[in-house]
Amino acid sequence: DTGVSQDPRHKITKRGQNVTFRCDPISEHNRLYWYRQTLGQGPEFLTYFQNEAQLEKSRLLSDRFSAERPKGSFSTLEIQRTEQGDSAMYLCASSFGGDNQPQHFGDGTRLSIL
Amino acid sequence: GDSVTQMEGPVTLSEEAFLTINCTYTATGYPSLFWYVQYPGEGLQLLLKATKADDKGSNKGFEATYRKETTSFHLEKGSVQVSDSAVYFCALPHSGGSNYKLTFGKGTLLTVNP
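Line order of the protein sequences matches chains A and B. The first sequence begins at 1 in the numbering used here and counts up one residue at a time. The second sequence begins at 1 in the numbering used here and counts up one residue at a time.
One chain only, chain B, in its complex shape (with noise of 0.2 angstroms):
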């Protein structure tokens, strides 16, 4: 079935280090992938989106490319900011049929220190 796994967090960096958060999934086809961002005591806000293979989401500084070959949807920023601190997940749609359903990773926790 569709599964996205994220690496484990939490992870720890001063500001203005390099982020990267690493999501790969398993899905019958190219579904679309999003990342989502949750700050504490909210709910999911999307941060960015990709379509399709090759395709580059970015928003806020944060960059991630759809890598059919590897089956990898890698989240990256150049330079964190303490206001970066959240709980990211890595999400695509049910496939099979019912592709509204969102596979959510169990999140990754980033605390940026100044």
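With the rest of the complex left out, here is chain A (with noise of 0.2 angstroms):
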């Protein structure tokens, strides 16, 4: 079990710029999970596929927003014309099986916009 890594850790970007970020879930797990998380707060839900479907976006993902996870393994979140209100941590999770089995996290990713 190599955990859920996420790449970049840390990116900084000029307002406007476009942005991905790549999630690699624990290899057996077939579901995957997007929140954004901003200082103070706790996580909140972005999206979610179930293998290569993506099931859910929340009304938090605007269109600037996309999320794909082709072949149901890694998956990307896309930031289009970034805005400041977009700096956040980006964390992405994995889980096995059914509903209400615990999803494990990677360190995320921290997006600062200039």
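Everything labelled a hint here was simulated from the structure, so no lab data went into it. We put the CB at the ideal spot given by N, CA and C, even for glycine. Take these hints with a grain of salt, some might be off.
Output of the computed footprint for chain A on chain B, the stretches with three or more beta carbons under 8 angstroms from beta carbons of chain A [claimed, not checked]:
#, segment
1, 14-26
2, 100-107
A few chain B residues that don't get close to chain A, going by computed Cβ distances all over 10 angstroms [what the hints assert, rightly or not]:
#, residue
3, G1
4, M7
5, V11
6, A53
7, F62
8, R67
9, K77
Fit chain to chain and form the complex, with the hints in mind.
Structural data, given as structure tokens:
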């Protein structure tokens, strides 16, 4: 069990640029989640994949955000035309099996918008 | 809707002191309950869980009992160590058909001084 891996750990970019983050879940986990965490808050759900299918997107995920999970393995989260309010920690988690199973989190990607 | 309320932090204790972090929740039915811990600069790690009423989750000296009558899941440790300094999050799966989504409390920052 190598854990959930996220890349990069930190990203600094100028407002208006596009950014892409990658998440590699634990290999046998069929479910993958993205959360966003701002300073002093708990993580907030963004989106969920079961295998390669994206089954839910939060209202927090505007049209500038897109997530994919080709072949049901790694996932990418892209933010287009970044804004100051996008500055946050983006966390990926994965789990195996049905609902109510614990989710295993990566160390996150911290995004800073200049 | 589902919600989690944690005691306000920060909490500052001396080594070997007793710790309680209160967590109460609002949900439909009887979801699993989780405590996650986040060390500085890292993602969330599952600390312990309980899957049904009166269950006690335990790990690394921490304990929490699922109390349905008071809708609570308070975290306790008899003797804290400096290495326990972290942010602690109470969480539960969303109810009503989307119980793969975790709802988190705002987190409680614990600082343990030697």
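Right, here's what the structure says about each hint:
As drawn, the segment 14-26 of chain B meets chain A at 0 residues by the rule of a beta-carbon pair under 8 angstroms; below three, the given contact is violated. Coverage of the segment 100-107 of chain B by chain A holds in this model, with 8 residues showing a Cβ closer than 8 angstroms to a Cβ of that chain against a need of three. With a cut of 10 angstroms on Cβ distances, G1 of chain B stays outside the contact zone with chain A, its closest approach being about 13 angstroms. Distance to chain A confirms M7 of chain B as a non-interface residue, since its nearest Cβ pair spans about 14 angstroms, more than 10 angstroms.
Listed as a non-interface residue, V11 of chain B keeps its Cβ farther than 10 angstroms from every Cβ of chain A; the least gap is roughly 15 angstroms. Every CB of chain A is more than 10 angstroms from the CB of A53 of chain B (nearest about 14 angstroms), matching its label as outside the interface. Distance check on F62 of chain B: its Cβ is at least 15 angstroms (rounded) from any Cβ of chain A, clearing the 10 angstroms threshold; non-interface status holds. Listed as a non-interface residue, R67 of chain B keeps its Cβ farther than 10 angstroms from every Cβ of chain A; the least gap is roughly 18 angstroms.
Distance to chain A confirms K77 of chain B as a non-interface residue, since its nearest Cβ pair spans about 20 angstroms, more than 10 angstroms.
Hint 1 alone, counting from the list given before, is not met by this structure.
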